[in-house]
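Visitor: In order, the protein sequence lines correspond to chains A and B. One rule links them: number in the working numbering = place in the first sequence (from 1) + 114. One rule links them: number in the working numbering = place in the second sequence (from 1) + 11.
To be clear, the hints were calculated from the coordinates, so they are not data collected in a lab. Just so it is clear, CB atoms sit at the ideal spot from N, CA and C, and this is done for glycine as well. Do not rely on the hints blindly, as some may be mistaken.
Claimed, not checked - From the structure, some residues in chain B lie toward chain A, with a derived Cβ separation under 7 Å:
1) Glu239
2) Phe255
3) Ile258
Stated by the list, open to error - 25 Å max Cα-Cα, derived PhoX-like pairs, lysine-lysine:
4) B:Lys304 with A:Lys219
5) A:Lys194 with B:Lys219
6) B:Lys135 with A:Lys194
7) A:Lys179 with B:Lys60
8) B:Lys206 with A:Lys194
9) B:Lys226 with A:Lys219
10) B:Lys48 with B:Lys115
11) B:Lys287 with B:Lys329
12) A:Lys219 with B:Lys219
13) B:Lys223 with A:Lys194
14) B:Lys223 with A:Lys219
15) B:Lys244 with B:Lys212
Said to hold, decoys possible - Just a sample of chain A residues kept apart from chain B, beta carbon distances all over 10 Å, derived:
16) Ser137
17) Lys175
18) His215
Residues per chain are reported as follows:
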Amino acid sequence: MAKIKYIEFNGTEHEANVANGLSVMEGAIQNDIPGIDADCGGGMSCATCHVYINDDEWLKKLPEKEMGEDDMLDQAFEPKFNSRLSCQLIVSDDLDGLTVHMPEKQV
Amino acid sequence: MIKTDVVIIGAGPTGLFCAHQLGIIGLKCEIVDNLDKIGGQCIELYPDKPIYDIPAVPKCTGEELTNNLIEQVKPFNFNFHLSDRVQELKNENNKWLVKTINGKEFETPNIVIAGGVGSFEPRKFPTKSAEKYDGKSVLYSIKDKTIFKDKSVVIFGGGDSALDWAIELSNSSKVTLVHRRDEFRGAPASVQKIKELSDNKTIDLITKYSIKDVKGNGSLESVEIKSELGESKVIKADYVLGFFGLIMQLGPIAEWGLNLNKKTIPVNTENFETNKKGIFAIGDICTYPGKLKLILSGFHEGALAARGCFKYARPDEKYRFEFTTASSTIKDRLGVKE
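All chains should be built: construct the whole structure from the sequences, respecting the hints.
Guide: See the structure below:
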């Protein structure tokens, strides 16, 4: 279990306790947190669960991007160096305290 | 005006199998999809990715699944209206009048929405200023490449479309290719070619930059790009092209009064009819308690929705359940000779 903080583009904060094994994307969807669309449902094929990891320590600590994630991020709305697809961030105890920022929009 | 029993919106796996089921029970349908090819997400998002959860098919790619479904529905000779989109629905005397953006009109008692997560449209530049030039000098697809002859063209993107057009247009235009990172997702041969063209100065290749602003006075003059470190550059541009893949937009479906819930349409689980009589929704776009976004669920939903369509298309007939293994009527419809 990890407590994840989701911050919308307008600054609204949401916190959710997400069970291990779920993705950060699923944590948002299951808790009705706006700002993550996840059109493809977690298949790494749509880039609409895009988030920014603003904290450098967290950015280093997260598992590295797998092949294909950056390709998908090319197609996201305003991707940056600290962009991730939240469907690829699998929750474990290690992710407790992670904060993700949502972009202005997903599509 | 085309009169039919059912209009299916969406030619993905769910729409295709629903069409098959309509054919089996003796109904006609017309299928509309805004992509230029059949297959929906399977063909657009993951043609080469294997799918492992189609019943009795241990493994197949999105493209193989699509080709098999096309073959399965072939005996019925249904019409596909591709590169078109249903824009407007109107109810008149218990019939739906359907209009598409290309001006086609249908009259039908039934509409089956199998629209996935919406229609695929190119992702556009996030910069507001680019909207002014949209379709004129800021483009997301190319219809006529001769307009770029001897012009300055700035291309954004790292996939095959961006690379292929950069290579192609470099013959007759001044091409700058801008991409947000050093790696490209396009085919290795194209990436190699781009590097050669960049090394011999045929094209300008700028990586780790993205668009900041487009500028002009009436007509487009330049595009400003920025790096994540805050540097910026201005490049002369007659045309700016963006190739960032496709996104899915619900589009006009959102305006048909279907009580949308988070981009999905609530339906009953008896025949997948929506709150509007004669409008059904199946596949990823529908929602009900226990909904799974699996292709197999879409098949089930399509089979039941087809039976739901029967009562409005043939109000004076009683629907008879038959097996394809036993029914000679169905075999006739399939054109099977024994």
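Visitor: Please name the hints from earlier in the document that this structure breaks, with their numbers sorted from lowest to highest.
Guide: none
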